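Fit chain B to the given chain A structure using the hints.
First to last, the sequence lines map onto chains A and B. Its first residue numbered 1, the first sequence is counted upward by one per residue in the numbering used here. Its first residue numbered 1001, the second sequence is counted upward by one per residue in the numbering used here.
Below, in silico cross-link-like pairs of lysine-lysine (PhoX-like), each with a Cα-Cα straight-line distance of 25 Å or less:
no. : chain 1 : residue 1 : chain 2 : residue 2
1   : B       : K1292     : B       : K1380
2   : B       : K1109     : A       : K53
3   : B       : K1071     : B       : K1149
4   : B       : K1017     : A       : K24
5   : B       : K1261     : B       : K1017
6   : A       : K24       : B       : K1261
Between beta-carbon pairs, the in silico distance windows are:
no. : chain 1 : residue 1 : chain 2 : residue 2 : range
7   : A       : F19       : B       : L1067     : 29 to 37 Å
8   : A       : F19       : B       : I1291     : 44 to 52 Å
9   : B       : L1045     : A       : F19       : 31 to 39 Å
10  : A       : Y4        : B       : Y1003     : 15 to 23 Å
11  : A       : P26       : B       : H1161     : 36 to 44 Å
12  : B       : I1291     : A       : V12       : 54 to 62 Å
13  : A       : E20       : B       : D1048     : 31 to 39 Å
14  : B       : A1335     : A       : V12       : 54 to 62 Å
15  : A       : L16       : B       : W1370     : 29 to 37 Å
Calculated directly from the structure, the hints in this document are not laboratory data. Quantities reported herein were computed from a predicted structural model and do not represent experimental measurements. For glycine and all other residues, C-beta sits at the position ideal for the given N, C-alpha and C.
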Amino acid sequence: MDFYFLMIFIFVIAALLGFELITKVPPTLHTPLMSGSNAISGITIVGAIMAAKADQTVLAQIIAFLAVSLAMINVIGGYMVTDRMLGSFKKKGKK
Amino acid sequence: MEYLYLLATLLFVFGIKRLTSIRTCSQGNRLSELGMLVAIIAALLISDSINWTVIIAGVVFGGGVGLFLAKRTPTTQMPELVAALNGFGGVASALVAIGSVLTDDNLSKDGASIFDSGIVPAIATPIAIMIGMVTLTGSFIAYGKLSGKKLTHPFSGGARHVSHAVLGLGAIAVSVWMVTTQSSGQLITAMILLSSLSAVLGVFLVMPIGGADMPVVVSLLNSYSGVAGAFAGFVIGSPLLIVVGAMVGAAGLILTQIMCKAMNRSLSNVLLGGMGGDEAVAEDARDYKSIKQAGPEEIAMVLDGAASVVFVPGYGLAVAQAQHVVRELADLLIARDVQVRFAIHPVAGRMPGHMNVLLAESDVPYDLLWEMERINGDFKNTDVAIIVGANDVVNPAAREPTGPIAGMPILDVDHAATVVVIKRSLSPGYAGIKNPLFDNDNTLMVFSDAKEALEGMVREVKDL
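Chain B on its own, in the form it takes in the complex:
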């Protein structure tokens, strides 16, 4: 029966591998789902003592909630949902470690400490609890930030680092107490204390990180929940959890690095916070000098003379659910023999690949989606670049040697003959800084919700 665990592990390995290529990704997810099913059946077959009431109640309740969340969440809120799901997974690992201690016959009476069972469980138990709880609260802070809530750290400057150090050292001290105490009462108190300290630490660690960096944080926390699972595996002595947790943890870390690289920032730079964080100063309309405003009719006239148009989608497209209407406009232009492309910045939206998912939903052909490196040289041959709800990823301020987004690769939309920016207001993007692009002579601003503006343009283009 134990060999079913090996089968599940292999299914996960091939599943992840296949998830990394467009052609095989659906199949990859199927393999991984099958792996999970095999693992769960194997666990039920192998476990020598099963509390069916608890398991059936948990599976029905958890499965129902998961089903509801996955069915009901709109595409725009998927990043938030992934963050929340990840938090649940992390805390489940912490609870597995706690539950394993509580069901240990030696530990449930006085006279034995966790340390007596060996150095490995003595190290793994507190780590599983810590990482699991940090993942839980960190993910929910990320969830809040992704849904646009302003959350600020209670401490600033040096006091902030001191607060993190105090919490971290406190958690380590409690961990030592937890694994050495021989009193079962103290053991429970220590576990509660450790969970609480770690929960607060998770909140504090994610608080100062800017909203623009949340995708990286979610990816990192995703890696954490894998690691928490691996340590829970050490606690209960399950090679399956160790292997799968370590693999997911490592894969998550690599993905996090890929994402940081796309923003030309280092992980430590992201984690120390700053960009779009609570310290960034938001500027407003007064900072702009020569804004040129336009309506859908004028844009339609500009489009009338264009031979090549590039759409640059951003989070605003997702918020306004404008992915279908942008495709309608693209189709109209294609019918008029205009070359239409979509420029996809690697971190546009709230998660890497967010725009691809959204545009795929409205059936925009894959070959119209151009990645940043591929299209950047082409903007000088582009007649009209239409920016739909994007800001920081087209901000020329990134080319300056200093500033919050200095060095971040951007789409060179300002090289296009005419730049159309559809945006609700002049408010800054997630990075919280001014965008000099809006002041350019060849930039036309359409102040509107992305969907309304595009619908207007569709009507006007039809009338041409």
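Here chain A stands alone, though its shape is the one from the complex:
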């Protein structure tokens, strides 16, 4: 089987999985869920690491640096904000 066919195949299945994962969400969790999935979309950091290869032109290195930095802002910022939001629920649960 063609490599690209397999990739399109998993793309479609993953999209369907995404649709099915989110069915019933209490309104309370809409914002944390949005923020949490936003952090996950920072997965592109993996692509940025792959793109930061050794022995490249200066332009390619600058692009790679920007990609890693921006993806990292998304990952760290996204997870910490989500934690902050969820932290306020947790505190309440213990009471």
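The following block gives chain B in isolation, referenced to the frame of chain A:
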């Protein structure tokens, strides 16, 4: 080692699943954080050639900025922050696609086009760049609108649609050029041109959308950044990016739909703009006839005779940071054997669930928060409804067959015996329309900052 990617993906799947229930949400986020850590370690282990200087510099710089933003942003500005973070993620995907082209040995010299490597990268590369750039600039326009800036589209009416069509078609034309050119110089020029056109398109697409609809836009752009990640995955041939990006993209789309449904509007209706957009005509105090004003003392007297009180929080509560004092007032009333509840409209605030997050921060018990469907029938048995900085979500104009917010489900606060509205002025809400509720005979207006007004009421109630 590649199996670490599978492990990361599974952690994300269970993480998202657990984020959808109150009991497991914290654990869900932990799983997803762990997944990200596994994915990053795996990438570092698997990549055959690593530029450590670039990666360490990027991780330290990006991580520091992210840490700073997440620590320093007040709760009220979280919607803006999520919008901005999302923009960064989107553009990172565009840069991954661009970087992948630049580091491709075949493409760095003349004589080969992207198309020669196959139809999939030929389609995925321009799409990743386009969606990534649209996500970047669209998110920053959303950021601006959420922080209350008035941003207007340079074109209006038919010219607006023409401008979008020209930009869109231009981007497609440049994409075709980009993937077919065999000159490495032209390839770089085409990528710069495509990025610029897409950036302008992102600005133009979000500009006409009303401030009230920004939560939906942020959610949609959140879905876009997932899709951009998936297409970047096609470009670099990473199943991890494809699966996780597609999953986040689809989940974001569903969340967007849930939010539209809460406002009883269709996505296309939102995206075509209008509500609270630059065309809405703001009305002012002159449009009201019989406004009854009151101060904290009078409200305390009304509260003295009340057996049941419902608070209706809105964005004004967030702006004034009044979540702690509203809880203080609620506690005082509960101590006086008053039944106290909070009515939460699904789109109150600037994001769905914004009010829940805010009230949770001040430890308002979860069982006092009632969702719209559950409490609406109960307003007729309510003595006092106190609206704290909300407007459009209690506007009875939504029951009219026409108008900008026609059909939007609202909280039926006007059924309560007395309605107290704490609001700084008679200025319209995000939808930019008049609220006939303020003119009702049983409505008392307290013109003040939410925090000051509630502090005043707390003092007066203590003195009763």
